[in-house]
Amino acid sequence: MPTIAFTHHLQRHAPAHTVAVDANSVAAALNLVFAAYPALRGYVMDEHSHLRRHVAVFVNGAMLRRGDVLSNPIPPDAEIYVMQALSGG
Amino acid sequence: MSVCELPDFSDESLLRYSRHILLPEVGIEGQQAIGAAHVLVVGMGGLGSPVAMYLAAAGVGRMTICDDDTVELTNLQRQIAHHQADLGRLKVESAAAEIARLNPEVQVEALARRVSDEPLQALVAAADVVVDCCDNFPTRHALNAACARMAKPLVSGAAVRFDGQLSVFDLRHAESPCYHCLFPDDGGEANDGPCATFGVFAPLVGIIGSMQAAEALKLLAGIGESPVGRLLTLDARSMQWRSLKFKRDPDCPVCLQRP
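These protein sequence lines map, in sequence, to chains A and B.
Okay, so the first sequence: first residue is 1 according to my numbering, each after it adds one.
Okay, so the second sequence: first residue is 1 according to my numbering, each after it adds one.
Don't read these hints as lab results, they were simulated from the structure.
Note that the Cβ used here is the ideal one computed from N, Cα and C, for glycine as well.
It cannot be assumed that every hint is accurate.
To be verified - Computed footprint of chain B on chain A; a stretch qualifies when at least three of its residues, placed anywhere within it, have a C-beta under 8 angstroms from a C-beta of chain B:
1. 4 to 15
2. 26 to 35
3. 49 to 56
4. 59 to 66
Modelling step: build the complete structure from the supplied sequences, incorporating the hints.
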């Protein structure tokens, strides 16, 4: 089953550890997590249900094209990692 | 060519840089390249401090350092180029003095302003490598755009709380993605929380800044591989690194401006 994990910076509103998700796309996986952590949605998605531009999703360690990442099918062993840009210096 | 025939190195310089020159990956040629180089470092805070100090110690010939801030007491927990006696002083002046103490051979141009638009293009054009140590997204995107237009390598680092990020955008090469390919400009929407809000673990900026200095020196001396198309992320709580791959976005508007 696919798993999903969030960068520590988002874990105030997301699972603190990797969780298994019965999903066949990143969108389906995110929606399962949003159902349990409603506040997370606004940090990851914009008002048009697009991925926020400073957020990136990696599947098995590789970033998929931004326009495809939510809807493309993912393999059963997919490891989804959701992270965001940092600006601090 | 033997060491004795090299006109660019005094005996003192040969001794100063001997531990670099002994490395086969650096050698005389690599150290000469470092000494002939001009590096632009944007931001003289937590990341910029170790970057400037390591580049100076390693013998980078010329550095342009930019920051419009003054040294505050809250900076001294992690911004190691600045000292108690520097409170209230411009960070670029404080850092320039520290660089001179480390290595008086380094030429430093200190710019006490935020870089933007045309001056930034000229600054980037004059540099061999640009190191992004700033603390805001607009400057990160402006630096990326200037580096893309001028086909210059950009070493990018960021750190907040216990989380660090590092990547190299080698915009001399067509296949290299840029910062916008990874995180498109959102017009100022992004907010990861400044250090003043969330804090930052003091050695984290040392870790990420030291890696930025390493990547800059590698680029200058032509050593090894840079993490191009890879974003390295550090969770310093567990000291766990991730290496995440990404590619050039064919629809990236910044890359469309590349030569």
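We went through each hint and held it up to the structure:
1. Beta-carbon proximity to chain B at under 8 angstroms applies to 3 residues in the region 4 to 15 of chain A; the threshold of 3 is reached and the given coverage holds.
2. Counting residues of the region 26 to 35 of chain A whose beta carbon lies closer than 8 angstroms to any beta carbon of chain B gives 0, which falls below the threshold of three, so the coverage claim is violated.
3. As drawn, the region 49 to 56 of chain A meets chain B at 4 residues by the rule of a beta-carbon pair under 8 angstroms; at three or more, the given contact holds.
4. Under the rule that three or more residues need a Cβ within less than 8 angstroms of chain B, the assignment of the region 59 to 66 of chain A holds, with 5 such residues.
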